[in-house]
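**Student:** Spelled out, the chains give:
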Amino acid sequence: MNNAIETRSLTKRFGKNIAVQNLNLTVPARSIFAFLGPNGAGKTTTIKVILNIMKATQGSSTVLGVDSKELGPEEFAQIGYVSENQEMPEWMTVDQFLNYCKKMYSTWDDKFCNDLVEQFSLPSKQKLRSLSRGMKMKAALVSSLAYRPKLLIFDEPFGGLDPLVRDEFISGVLDITESENWTIFISSHDIDEVERLADRVGIIDKGLLKLVEQTEVLQNRFRRIELITNEATDIKSGFPEEWFLPKQQDRAVQFVDSQYVKGKSEDNIREIFPNCSNIEISGMSLREIFVVFAKKFKISEL
Amino acid sequence: MNFIPYLFKKDFLRIKSLLLVWFLLILAQSALSIGGINLATEFLEFQMFLPLFTKLFSFLQGLMIIVIVPLLIQDDSLVGATAFWFTRPISRKGLLITKSCFIFTLLVALPLIAEMSVLVTNGVTGHRILLAVPEILMEKLVFIIPFLILAILTPQFSKYALVGIIIFAVFAVIVIISSVIMMLLPKTIKIMNIFYNFELIGNPSLEASCRTAKDIYIILIGFILVAHQFLTRYTARTIRWLVVAYLVMMCFTRPWNWDFLKEVPYDKSAVNISQSLSVGFNPEGVIISDEVRFRKKDAREKSISAKETVSGLPAGQFAILKELKDVKMKYADGTTLKSKYVSTSKKEAFSSEKFMPPLEAVLGQIKLLNPFKEQLSYTEIFSLEESDFNQYRNKTGTYLADADFEIYKYEIGSRVPLKQGARDLFGSEQIVIYDILERPNGVSVIIAEKKTNLLFDREVKKKSRYNFARDIYSDYNRVYLIVNKKRNEAFLAEIESNLYADMMAPFGPMRLETKAKQFDFTYVNNRSGPLPKIDKEWLSDAELLRIDAVKIGTQHRTFKIENFSLPSQSTETTQEIDEMDRQLKLQDKQMKKYYPE
Amino acid sequence: MINFTIKFQSGIPIYEQVVYAVKKAIVTEQLKAGDRFPSVREMSKELRINPNTAQKVVSHLVRENILEIKPGIGSTVSELGVATKAERHRILNDEVEKLIVESKRLSINKEEIMDAIDRHWKLDSKGGKE
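Chain order of the listed sequences is A, B and C.
Residues in the first sequence are numbered consecutively from 1, following my numbering.
Residues in the second sequence are numbered consecutively from 1, following my numbering.
Residues in the third sequence are numbered consecutively from 1, following my numbering.
Mixed in with the good hints, there may be bad ones.
Reference excerpt, derived from the structure (chain A facing chain B, CB under 8 Å, subset only) [unchecked claim]:
#, residue
1, 85
2, 86
3, 91
4, 100
5, 113
6, 263
7, 264
Simulated from the structure, these hints should not be mistaken for lab results.
Just so we're clear, the structure is a prediction, and the values are computed from it rather than from any experiment.
Yeah, the Cβ is synthetic: ideal placement off N, Cα and C, and Gly gets one too.
Taking the hints into account, I'd like the entire structure generated from these sequences.
**Tutor:** Here's what the structure looks like:
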């Protein structure tokens with residue numbers, strides 16, 4: 001099985017509202033996929049449809065090679081799901097909760113579970129309902145990690161959590177990757193946490209997938225270009241298509257090259273700005289790239 | 001894939017304190033049913049509290065079910081997109097089976113076993129115990145299922161409670177509004193029959209059959225809907241099916257014609273119903289009274305009552321007038337005056353004329369020492385508007401009415417030796433003598449009457465659910481006497497008091513009716529001359545006898561009274577009025593004698 | 001345990017940054033030949049990077065003969081890992097170019113730069129720690 005998750009023309013409608021439209025997504029195994037988009041873009045809906053929590057209106061999806069509609073205990077025994085809006089048996093203590101979950105999975109690793117509990121400083125005898133949000137999420141995480149699932153799906157797991165907790169989360173998650181078979185799918189509206197982790201990024205807005213690309217490729221082809229020009233060049237005309245968001249103030253010109261190729265792009269620059277100087281070409285973080293996209297395609301900003 | 005043990009355990013853990021309360025409640029109810037009567041007869045204060053406790057416990061049991069079911073189901077909700085188990089390796093089928101087992105074991109099987117134990121310890125035996133099982137199961141399940149359906153269609157307790165209350169309120173409003181409409185516009189009762197199925201009232205076994213069919217339907221549909229929701233989580237479709245199923249239920253229950261629970265009819269071949277039955281009215285006693293109907297406050301109606309007479313019945317039988325239809329006066333000039341609806345339900349006086357002769361016939365050799373001398377009671381025979389009455393009074397014509405009579409026969413139902421602890425088991429009934437108390441002028445006998453009222457017992461007369469007038473005929477229906485076999489002497493019970501009644505059933509019919517009764521027998525009264533003393537000697541050869549009125553058939557007759565006129569005034573004699581007055585005073589005096597507080 | 005220093009900057013692919021950091025660590029002798037090199041797992045967890053990226057780093061370094069994998073022990077810095085003169089100069093040139101560009105921007109003249117170099121050299125020679 002090559003792809004942990006695959007969707008084909010996945011569509012989900014709620015009455016008149018089209019939450020997800022014609023989604024085609026592929027998440028290869030052993031990869032970390034960051035699913036980005038503003039609130040209400042359709043990220044949660046996509047995940048819920050993929051996991052058969054909701055039914056698709058049209059199209060299909062498979063998870064771990066199995067059609068979503070057919071997902072059963074066998075598959076869920078290998079899937080970990082952590083979401084802020086998932087219910088937990090609040091009346092249980094942390095211990096009771098983990099013991100309860102343990103019985104569901106044959107691959108449950110007690111030692112790993114205890115290590116995580118210690119690492120997260122979870123209070124064993126306290127009821128879930130009396131835990132803070134961060135603690136609850138950590139408990140949920142432990143209950144989804146301890147059996148080393150092949151596929152981990154996070155739906156906005158970091159919302160409102162302080163950086164320390166986020167850090168602990170990521171640490172716990174990376175422990176999973178020790179096994180042979182793992183895939184991580186994170187949906188978030190905040191790009192910072194996933195920046196260093198994501199192999200691939202998908203951006204969704206208003207139900208439509210705007211972009212899917214490997215982070216490396218993305219970071220390789222985007223450059224911020226700044227230069228001083230000696231002529232009053234009209235920056236509007238003759239600009240290549242792949243140069244985004246041009247700005248000019250006096251003789252300072254700035255734009256983003258979305259198809260940067262070392263050497264060729266410099267030539268292009270000198271062609272369009274024959275007498276320029278102080279050319280600065282700098283790389284861009286994922287966040288900066290995303291902002292450019294947002295502005296370019298008028299996606300609502302994160 | 002099927003039963004999930006850890007899920008069962010988890011659910012148990014979740015509601016363990018409630019389950020403890022539940023268990024204790026059932027235990028308390030059982031204990032009360034088993035020992036309650038003893039306590040009630042020995043401690044008078046307990047008599048007051050016993051029925052209260054029983055009703056309270058039943059109510060609590062129902063309340064607990066209403067709360068426990070959603071707690072169980074909604075911990076692993078079937079609605080919405082946030083339940084915990086959706087992404088865990090718990091199969092839908094497993095969930096369904098585990099939850100069903102839990103609910104069945106704890107909320108159905110447990111009370112079932114408890115109640116069966118109660119029945120057994122109360123002396124119910126053999127096939128009756130088995131007959132009780134399906135009835136109890138049905139009753140429990142029918143109560144649980146609506147709440148179960150509500151729980152599987154709502155995501156959490158708050159919604160469950162809200163929707164439940166709204167549904168209840170809607171139904172309540174519909175009932176209130178339709179009642180008001182029916183009161184103000186009686187014609188609409190026909191339309192309302194669609195909702196309330198009035199046609200079944202009056203035929204208890206037909207009503208019970210309809211109810212049973214409905215219950216079975218509810219249980220089956222309930223299971224299907226629940227399974228559907230668990231397995232597909234297709235909430236919209238479950239709700240659609242629910243609505244359709246409800247409408248179907250409304251349809252097939254009206255009209256309902258299949259009376260499969262009809263009691264085994266009395267073996268008519270063993271009895272001889274006379275064809276030579278003739279009916280008439282006692283000409284000496286006719287009463288006119290005013291009636292007011294709700295709608296038109298000003299218009300008065302006149303009601304004419306008389307005492308009906310029936311002759312030609314063989315010994316041991318008597319007839320009760322059930323219904324008068326098509327009542328009218330036909331006049332020589334060709335005019336016809338139709339009567340309005342006449343009501344024949346009344347409290348029959350245990351009159352000397354009607355009931356003593358058949359009673360004495362059954363007693364045969366045994367002499368009844370203190371027969372009652374009450375007068376016959378009046379029956380309404382005509383009803384009309386005041387204006388019509390003024391027009392037709394004293395006008396002579398022929399009175400015509402179609403009458404339905406029920407023919408009864410007195411039979412010896414039970415004999416119990418008059419010793420403390422003696423008992424008699426007969427059919428679905430039991431009489432146990434609890435105590436025999438000496439009195440200044442006689443004796444009091446305290447008994448427990450136990451009766452199983454099983455739905456599927458065809459030897460039992462079904463009780464109507466709408467039985468507003470419960471046991472109003474009880475005076476003549478069951479007659480208790482003490483009989484001295486050696487001397488062939490019998491005394492009727494002067495006073496019969498219910499100590500308390502009714503146990504062990506939530507809101508439905510009592511499966512095990514236990515009534516503690518006290519019968520006072522006295523040899524000092526104003527009706528008969530000097531009577532033999534009821535003393536130790538007399539009592540040593542005595543037994544308690546119960547004579548039952550058994551319905552052996554119905555007869556249809558026509559009242560045709562020629563030369564009859566609607567009288568202008570009542571002809572009830574002062575003698576009768578005095579007699580009625582005296583009876584009341586006597587009763588009062590005797591009550592004070594035995595209960596001197 | 002990560003035994004080389006790295007400070008992540010945005011805009012440059014992680015993989016490149018780690019490889020560079022390792023090479024720099026070897027050049028500055030923070031990593032010596034024969035030193036144990038952290039496993040993919042360790043790098044991933046401690047640096048909070050994608051394990052695939054960590055794997056890529058290791059593969060790359062092994063391909064360039066900077067690391068060698070010994071069965072049972074893990075990866076270690078190879079003898080040949082110590083950069084060749086050409087490698088060293090290449091790395092250096094990059095740094096020098098960056099330095100000069102920055103200086104010109106900040107209008108710092110050559111003498112001031114030389115002073116700074118002197119000062120820092122002395123500091124680093126003392127083990128780089130105060």
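**Student:** Run every hint past the structure and note whether it holds.
**Tutor:** For each hint, the structure was consulted:
{"no.": "1", "hint": "85", "verdict": "holds, 5 Å"}
{"no.": "2", "hint": "86", "verdict": "holds, 6 Å"}
{"no.": "3", "hint": "91", "verdict": "holds, 6 Å"}
{"no.": "4", "hint": "100", "verdict": "holds, 6 Å"}
{"no.": "5", "hint": "113", "verdict": "violated, 16 Å"}
{"no.": "6", "hint": "263", "verdict": "violated, 49 Å"}
{"no.": "7", "hint": "264", "verdict": "violated, 48 Å"}
Hint violations for this structure: numbers 5, 6, 7, all remaining hints satisfied.
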